[in-house]
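Residue numbers (the working numbering), protein chains in the order written: chain A, 1 to 198; chain B, 1 to 198.
If you're looking for bench data, these hints aren't it; they were derived computationally from the structure.
Note that this is a predicted model, so its numbers are computed, not measured.
Incorrect hints may appear among the rest.
Far from chain B by the CB rule (all over 10 Å, computed), these chain A residues [claimed, not checked]:
1. P19
2. D50
3. C73
4. G117
5. E138
No more than 25 Å apart at the CA atoms, straight line, and that leaves these computed lysine-lysine pairs for PhoX-like [said to hold, decoys possible]:
6. A:K24 to B:K161
7. A:K100 to A:K24
8. A:K24 to B:K158
Which bits of chain A does chain B cover? Going by a derived footprint, with three or more residues having C-beta under 8 Å, they are [as the list claims (entries may be wrong)]:
9. 62-70
10. 87-97
11. 123-131
12. 145-151
13. 181-187
Think of the CB as a built atom: it goes at the ideal place given N, C-alpha and C, for glycine as much as any other residue.
2 protein chains.
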Amino acid sequence: MDYFSNHISRLIGELSRLPGIGPKSAARLAFHIIDMPEEEVEELAASMVDAKKNIHYCKTCFTITDEEECPICRSRSRDHSTIMVVETTRDLAAYEKTGKYEGVYHVLGGAISPMLGIGPSDIRLKELVERLRGDVKEVIVATNSSLEGETTAMYISKLIKSSGIKVSRIASGVPVGGDLECIDEVTLLRALDGRVEI
Amino acid sequence: MDYFSNHISRLIGELSRLPGIGPKSAARLAFHIIDMPEEEVEELAASMVDAKKNIHYCKTCFTITDEEECPICRSRSRDHSTIMVVETTRDLAAYEKTGKYEGVYHVLGGAISPMLGIGPSDIRLKELVERLRGDVKEVIVATNSSLEGETTAMYISKLIKSSGIKVSRIASGVPVGGDLECIDEVTLLRALDGRVEI
């Protein structure tokens, strides 16, 4: 990479550490950045530092927000007796985009992963259990359909069931519009197991 | 995007303006950035601003470099009588990686594009002509094989030929390892026109 200047090489190096950005994309981005007006580069750089420094979590559901409590938790029109448990704020956003879910959320901040050394005490499970002391009727576990997500779902189910609160898990199966021949075997078998009468 | 904080939304907005980064990648990158240690975020941001502020072009070939003259132009082992004309520093880097080209370069900083309003005076053609006053035997035009690149190549050819200096164009054809059925018709016809006896 010594065909470029040290500054460019350093920038390419920094960019290629980001997820999904290989050395070629990093070079393309770096050359785009040096072609941008200086104010725009400063704006981009400042937005990164600002976002990192001003990160704040909702005191109730632990999603990322600018206020003490997020708009969803403050909303009177939401059903506060139904809590959807998700791994990250991005998963919350994915469900919010559907516009159909009326309950509230609980953001765990990850999933149990013995491989990565993430245990139940490393994610916000204690905080979830504390919230259940209120008037909660159902906990919908919407962790990812990965090994870690399933492990976390099972752990939550065991943790809560004895309290008499309903615990459900979002369905797993063939995605809408999915082409059967392109879908992995595990998903196909899940879809078969979870079949419903029509 | 109001499921996230304003800081995150702003960062996602900034990132999605970069080439090849859509809204989903921008969100993934933004959440990765806020999960990075603060020093690393500052390092990344500083590398962008530094690269932009310290951009410097070689006084001879106009490639991006940290010094007044780039290592290639300063090198005594390179053949300074052969100049390869490229559009960008990235194209120069692509040929340098082959390790086989022994001449020097001239970076135009773009290509002639009537569509984008880029004329001959907007790229470094005047500087190229000035370099030809020295002891130059051949100019190899290695602009892209696009409409703009070809237009620029033809322009350079007309500009220089009268001076008696040899002007050549890199070959265009089927890429090595390329599968014929996957290659566009224009390239196939170029490859046919440019056939060589074996």
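Okay, the hints, checked on the actual structure:
A beta-carbon of chain B is positioned within 10 Å of the beta-carbon of P19 (chain A); the least distance is around 5 Å. At roughly 5 Å, the least C-beta separation between D50 (chain A) and chain B is not larger than 10 Å, which violates its mark as non-interface. Annotated as non-interface, C73 (chain A) keeps its C-beta farther than 10 Å from every C-beta of chain B; the closest such distance is 12 Å. Against the 10 Å criterion, G117 (chain A) stays outside the reach of chain B, whose nearest CB is about 16 Å from its own CB.
Residue-level check passed: E138 (chain A) sits 21 Å from the nearest beta carbon of chain B, beyond 10 Å. Taken as a hint, the K24 (chain A) and K161 (chain B) pair is broken in the structure, with Cα atoms around 36 Å apart against an allowance of 25 Å. Distance hint between K100 (chain A) and K24 (chain A) is unfulfilled; the C-alpha atoms sit about 41 Å from each other, more than 25 Å. With a CA separation close to 34 Å, the supplied pair K24 (chain A) and K158 (chain B) exceeds the 25 Å bound.
With 4 residues having a Cβ less than 8 Å from any Cβ of chain B, the stretch 62-70 of chain A passes the three-residue criterion, so the hint holds. Residue count for the stretch 87-97 of chain A with a Cβ under 8 Å from a Cβ of chain B: 7. That meets the three needed, and the coverage hint holds. Counting residues of the stretch 123-131 of chain A whose beta carbon lies closer than 8 Å to any beta carbon of chain B gives 0, which falls below the threshold of three, so the coverage claim is violated. Chain B is given as covering the stretch 145-151 of chain A, and this is violated because 0 residues of the stretch bring a CB closer than 8 Å to a CB of that chain, at least three being needed.
Residues of the stretch 181-187 of chain A lying with their CB closer than 8 Å to a CB of chain B number 0, which falls below the three-residue condition for coverage.
Going through the hint list in order, the structure does not satisfy hints 1, 2, 6, 7, 8, 11, 12 and 13.
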